[in-house]
Amino acid sequence: MDLLRGTLDLLVLRTLRGGPAHGYGIAKAIHAATDEVLDVEEGSMDPALYRMEKRGWIVADWGVTDTKRRAKFYELTPEGRTQLDAESSSWSEFSSAVGKVLESN
Amino acid sequence: MLSFLRRQFATGAGGRRLEHEIREEMLAHIALCADDNVAAGMDPASARRDAERRFGNLDHMVLEGGHAKRDRRDPLGQFPNRTDRSPGASLMTDLLADIRFGLRMLVKSPMFSTVAIVSLAVGIGFNTTMFTLVDALLFTPLPAADPDSVVRLGRDGTEFGDMFMSYPDFLDVRENAGSFTGLAAVRTEIATYNADGEVDFVFGESVSANYFGVLGIPPLVGRTFAPQEDVAGNHNVAMVSEKFWRDRLGGTEAALGSELRFGGSPHTLIGVVDDRYTGLVPPLEVSFWLPTFAGEALRPVTGATSGLERRGSHSFHVIGRLGAGTTIEQATADVVSIGVQLGQDFPDTNGEMGFTLFQASDLRIEPGIDKAMLPAAGVLMGLVGLVLLLACANVANMMLARGSVRRQEIAIRLALGAGRGRLVRQLLTESMMLSLIGGLLAVVIAKSALQLLLAIQPPIMVPISLAVDVSGRVWLFTAVVAMLTGLAFGLVPALRSTRADLSQSLRGDEAGDSGRLRGSRLRSSLVVAQVTLSLVLLVAAALMVRSLQNAQSIDPGIATESVVNMGAALAFQGYSPDEAQDFYLRAMDRIAALPGVTQVAFAERLPLESTMVTSRDVYLEGQQLAPGEDPPSVMTTSVDPNYFDVMGIGIDQGRRFTAADVKEAPPVVIINEVLAADLWPGQAPIGKRLSVSGADGPFAEVVGIHSEHKVSTLGEGPTRNIYVPYAQDNASGFGSLLARTQGDQAAVLTAMRQILREMDPGLAVMEVETISEHLALSLFPVRLAAAALGLLGVIGALLASVGVYGVIAFAVSQRTREIGIRMAIGADRRSVVRMVLGQGMRLILIGAGIGIVLSLASTRMLGALLYGVSSVDVLAYVAAAAALCMVGVIANLVPALRASHVEPSSALRTR
Numbered sequence: 001m002d003l004l005r006g007t008l009d010l011l012v013l014r015t016l017r018g019g020p021a022h023g024y025g026i027a028k029a030i031h032a033a034t035d036e037v038l039d040v041e042e043g044s045m046d047p048a049l050y051r052m053e054k055r056g057w058i059v060a061d062w063g064v065t066d067t068k069r070r071a072k073f074y075e076l077t078p079e080g081r082t083q084l085d086a087e088s089s090s091w092s093e094f095s096s097a098v099g100k101v102l103e104s105n
Numbered sequence: 001m002l003s004f005l006r007r008q009f010a011t012g013a014g015g016r017r018l019e020h021e022i023r024e025e026m027l028a029h030i031a032l033c034a035d036d037n038v039a040a041g042m043d044p045a046s047a048r049r050d051a052e053r054r055f056g057n058l059d060h061m062v063l064e065g066g067h068a069k070r071d072r073r074d075p076l077g078q079f080p081n082r083t084d085r086s087p088g089a090s091l092m093t094d095l096l097a098d099i100r101f102g103l104r105m106l107v108k109s110p111m112f113s114t115v116a117i118v119s120l121a122v123g124i125g126f127n128t129t130m131f132t133l134v135d136a137l138l139f140t141p142l143p144a145a146d147p148d149s150v151v152r153l154g155r156d157g158t159e160f161g162d163m164f165m166s167y168p169d170f171l172d173v174r175e176n177a178g179s180f181t182g183l184a185a186v187r188t189e190i191a192t193y194n195a196d197g198e199v200d201f202v203f204g205e206s207v208s209a210n211y212f213g214v215l216g217i218p219p220l221v222g223r224t225f226a227p228q229e230d231v232a233g234n235h236n237v238a239m240v241s242e243k244f245w246r247d248r249l250g251g252t253e254a255a256l257g258s259e260l261r262f263g264g265s266p267h268t269l270i271g272v273v274d275d276r277y278t279g280l281v282p283p284l285e286v287s288f289w290l291p292t293f294a295g296e297a298l299r300p301v302t303g304a305t306s307g308l309e310r311r312g313s314h315s316f317h318v319i320g321r322l323g324a325g326t327t328i329e330q331a332t333a334d335v336v337s338i339g340v341q342l343g344q345d346f347p348d349t350n351g352e353m354g355f356t357l358f359q360a361s362d363l364r365i366e367p368g369i370d371k372a373m374l375p376a377a378g379v380l381m382g383l384v385g386l387v388l389l390l391a392c393a394n395v396a397n398m399m400l401a402r403g404s405v406r407r408q409e410i411a412i413r414l415a416l417g418a419g420r421g422r423l424v425r426q427l428l429t430e431s432m433m434l435s436l437i438g439g440l441l442a443v444v445i446a447k448s449a450l451q452l453l454l455a456i457q458p459p460i461m462v463p464i465s466l467a468v469d470v471s472g473r474v475w476l477f478t479a480v481v482a483m484l485t486g487l488a489f490g491l492v493p494a495l496r497s498t499r500a501d502l503s504q505s506l507r508g509d510e511a512g513d514s515g516r517l518r519g520s521r522l523r524s525s526l527v528v529a530q531v532t533l534s535l536v537l538l539v540a541a542a543l544m545v546r547s548l549q550n551a552q553s554i555d556p557g558i559a560t561e562s563v564v565n566m567g568a569a570l571a572f573q574g575y576s577p578d579e580a581q582d583f584y585l586r587a588m589d590r591i592a593a594l595p596g597v598t599q600v601a602f603a604e605r606l607p608l609e610s611t612m613v614t615s616r617d618v619y620l621e622g623q624q625l626a627p628g629e630d631p632p633s634v635m636t637t638s639v640d641p642n643y644f645d646v647m648g649i650g651i652d653q654g655r656r657f658t659a660a661d662v663k664e665a666p667p668v669v670i671i672n673e674v675l676a677a678d679l680w681p682g683q684a685p686i687g688k689r690l691s692v693s694g695a696d697g698p699f700a701e702v703v704g705i706h707s708e709h710k711v712s713t714l715g716e717g718p719t720r721n722i723y724v725p726y727a728q729d730n731a732s733g734f735g736s737l738l739a740r741t742q743g744d745q746a747a748v749l750t751a752m753r754q755i756l757r758e759m760d761p762g763l764a765v766m767e768v769e770t771i772s773e774h775l776a777l778s779l780f781p782v783r784l785a786a787a788a789l790g791l792l793g794v795i796g797a798l799l800a801s802v803g804v805y806g807v808i809a810f811a812v813s814q815r816t817r818e819i820g821i822r823m824a825i826g827a828d829r830r831s832v833v834r835m836v837l838g839q840g841m842r843l844i845l846i847g848a849g850i851g852i853v854l855s856l857a858s859t860r861m862l863g864a865l866l867y868g869v870s871s872v873d874v875l876a877y878v879a880a881a882a883a884l885c886m887v888g889v890i891a892n893l894v895p896a897l898r899a900s901h902v903e904p905s906s907a908l909r910t911r
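For the record, the sequence lines run as chains A and B. So the first sequence is numbered by this note's numbering: it starts at 1 and just counts up by one. So the second sequence is numbered by this note's numbering: it starts at 1 and just counts up by one.
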């Protein structure tokens, strides 16, 4: 299933709330958490991360993975946490509104 | 300044570092994914491949490393701040990347690309075809060496025949002008060519011996004329065109030295002229060249002295080559002063006239005709331009629709930092590619269209040839038109789709996008414009069809059934008028005896003959013309007594000619009512006297009034006309032999031709035709115009219907949800169809309305081609509008029906 473009930020931020992760790890986590329904195309993950880093929602640092690979690890900033809260609540609002419409018939 | 530089530097370095980091990270990303694959049991190589594949579109830019192909890593303009390239190189590599990306986009939506390219190819193709014709006719320079120094001598102070000079004047200018390295004379000739008994007419030029030298055209084979060959009494050398040489003489050098019979006398072939030069005056194609004196010998004898000795006989074009360092102004002053001198020396012939010079490249035929042809060419280019506009509107429409579909793609790129200018450039590259591919196809279309067009030789004996090769100029024109086209239909969609509201588009939220409404309004206006333009074309086409219908039903006033005609221009074949008369009379006796022939007649020319005009000035007895007043000029034809019976022309008053109207008898004429009313209003014309042989008579008595018939063209109103008895007036030497037949006309024509052949084996017969064939010839222009405009109209309507379909189909796809809701709350299929149809038909009706107004204003230009049809003909307008509306309904019905099959539940669930 294709990921709605605007929700990628929300999913990334939510994933990072569990602790630092690298881009590939985030993508894998989203894939697993949605019962393999959502598949983030790897090519769009990195630009999204770059964009969020620039907005100050996340910070990055180079580290080494379990498999001894060099990779960039991302961590949520306080601004990112605020953003996550705001986006989460507006998403809930939106999805419950959609739900109401769908159930109304 | 220093700080600015430092800042620039920092950004540059930062940009590089950033880019490097992203690359590193992506590589890490792929490595991690590959590790997972290995853990899942893949072998390392396919694990890596799979990881790279899953990484998607951006792969090469990472994989190809940081140095060698650096520029290819930014195909989408994501990193506009890169400063490590020179601007020129960056433009070039961006362009290459854009072209690659554009090609991918074109291949990705083949339906869109095909429709766009075909629309453009047709639109540009029409323009290329028309331009090639106009270019060949008006702008192809004389194929001379160093054409800039070639000039043409003309006469000043004359209304007609500006470019014609008399031979003595030519000699005097050549003798006295110091500004030229050479002056040469040329004149068009017509002659019979007799190849082993097969005789036909060919066109040629007689030229002064230095002609090809002055033009700088070397002979393809053999040599050109020597001065001693261009003198009186030496008439035996000729050159021929490359085409003539190949088609008729085998195209080998062995043909040199052979005897060619032009005008009945033998000429030795000394050279062949390259086909680049086919005569001075286009589009007449000439086949042979003779020295001036030999050419003069081909002409009918018309006076006591040779035409080359008469200063008042203006028949030569004169070309010159300016001497080195001489300007055209200096040379003009030179010939002007010679003209003044000649005016003093020969006041009778030269008193009223001076000389002037034209740059040869500024002239096509002659100044007056050129002036008339340019606007005509403009109208034609305008018409095909309309078709191109239609195609442009179509493609612009499709681009706009696609722009909305690609909005998310574009928004993401903008979000990632691509500059708007960069994106516009890339979208423009895509439209340019469409139009350039269309342009290439257009040249292919134009080539076959030209072949078709040139196959339609108008049914006249004059050979027409145009250098309609797809020349460099044509390629250039097509390229420029294609680029402008690409810009025209690409710029607005590109600007519009890159102006997308970022956040909304990223979220995929279309409903709140105010740009969508504006976009649909723009698309609707484009459709209205298309409908308008195609209605103008359709109205023009309908008018032409009506005109053709009318022209076919016009009563020419002469018999069209059972009459055949055979023309022989004896004047061109060495016959004096008296010899010609004798020949015609003997031929008629023999034709009258043929089985199937009931009656024969003679006419100097037939009604509706377009190739020969024989007007004469009419003087009345005792009439004093006011100074400066010209006598009326009236078409005058000499005919024999049987003519009126055979041609079915009635005598309303008085009598027809009889056998008693011979040379010695008092001269008589038969005129028509219109002329009688003009000359003697309110009086009985019979018995009145007029002269067609000059102010001093002899004056001829009007003995009859003939019934009206068309004189020169089918479309003319009542036209003044005079008949004189052939027995009293045989001066022209031309003639048509007419026979009323019973049964097989073809057999009679064959037998007539055989009789002429037996009477003079060297004779060329000009026309062999039935009278209905003769009439068909006069319909040729209107037939051609109807076919051409009809084609343009149909193509235009098709393009417009594709446009209407596209817009409505797109609107329906955008409104699927709304339609679903309407149906969910109780709208039935019929009302949905009605709603969608109504939306489309509103556009069509608005366009048709504007189109009718525009047509009323513009079809007046067709005036001369309209036979008995007013340019505001109601039927034509109704037919055109109805045809367009019908096409519109069909184009609308498909999306409307599709809309009515929307499933309310699924429509609501999408998005």
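Calculated from the structure, these hints are not laboratory results. Incorrect hints may have been included.
[What the hints assert, rightly or not] Distance condition first, Cα-Cα at most 35 Å in a straight line; then the derived DSBU-like pairs of lysine-lysine: (1) B:K447 to B:K371; (2) B:K243 to A:K28; (3) B:K108 to A:K54; (4) A:K100 to A:K72; (5) B:K243 to B:K108; (6) A:K28 to A:K72.
[To be verified] Derived DEER-like restraints, expressed as beta-carbon distance ranges: (7) B:W475 to A:S95: 55 to 61 Å; (8) B:A415 to A:S95: 20 to 26 Å; (9) A:F94 to B:Q814: 20 to 26 Å; (10) A:T65 to B:Q814: 42 to 48 Å.
Every residue gets a Cβ at the ideal spot worked out from N, C-alpha and C, and that includes glycine.
Do the Cβ positions of B:W475 and A:S95 conform to the proposed distance bound of 55 to 61 Å? This hint holds: roughly 60 Å between Cβ atoms.
Check whether the Cα positions of B:K243 and A:K28 lie no farther apart than 35 Å. Distance ~78 Å between B:K243 and A:K28 Cα, so the pair is violated.
Consistency of beta-carbon spacing, A:S95 to B:A415, with hint 20 to 26 Å: Since the Cβ atoms of B:A415 and A:S95 sit about 23 Å apart, the hinted range of 20 to 26 Å holds.
Check whether the Cα positions of A:K28 and A:K72 lie no farther apart than 35 Å. 15 Å, holds
Would the hint linking A:K100 and A:K72 be met if the CA-CA limit is 35 Å? 41 Å, violated
Tell me if the straight-line CA distance from B:K447 to B:K371 falls inside 35 Å. 28 Å, holds
B:K108 paired with A:K54 [C-alpha distance capped at 35 Å]: Holds, at roughly 34 Å.
The hint says 20 to 26 Å between A:F94 and B:Q814; measuring C-beta to C-beta, is that right? Since the Cβ atoms of A:F94 and B:Q814 sit about 22 Å apart, the hinted range of 20 to 26 Å holds.
Hinted pair, alpha-carbon criterion (35 Å max): B:K243, B:K108. Please report holds or violated. 50 Å, violated
Can the suggested window of 42 to 48 Å be confirmed for the beta-carbon pair A:T65 and B:Q814? 47 Å, holds
Against the hints set out earlier in the document, violations occur for numbers 2, 4, 5.
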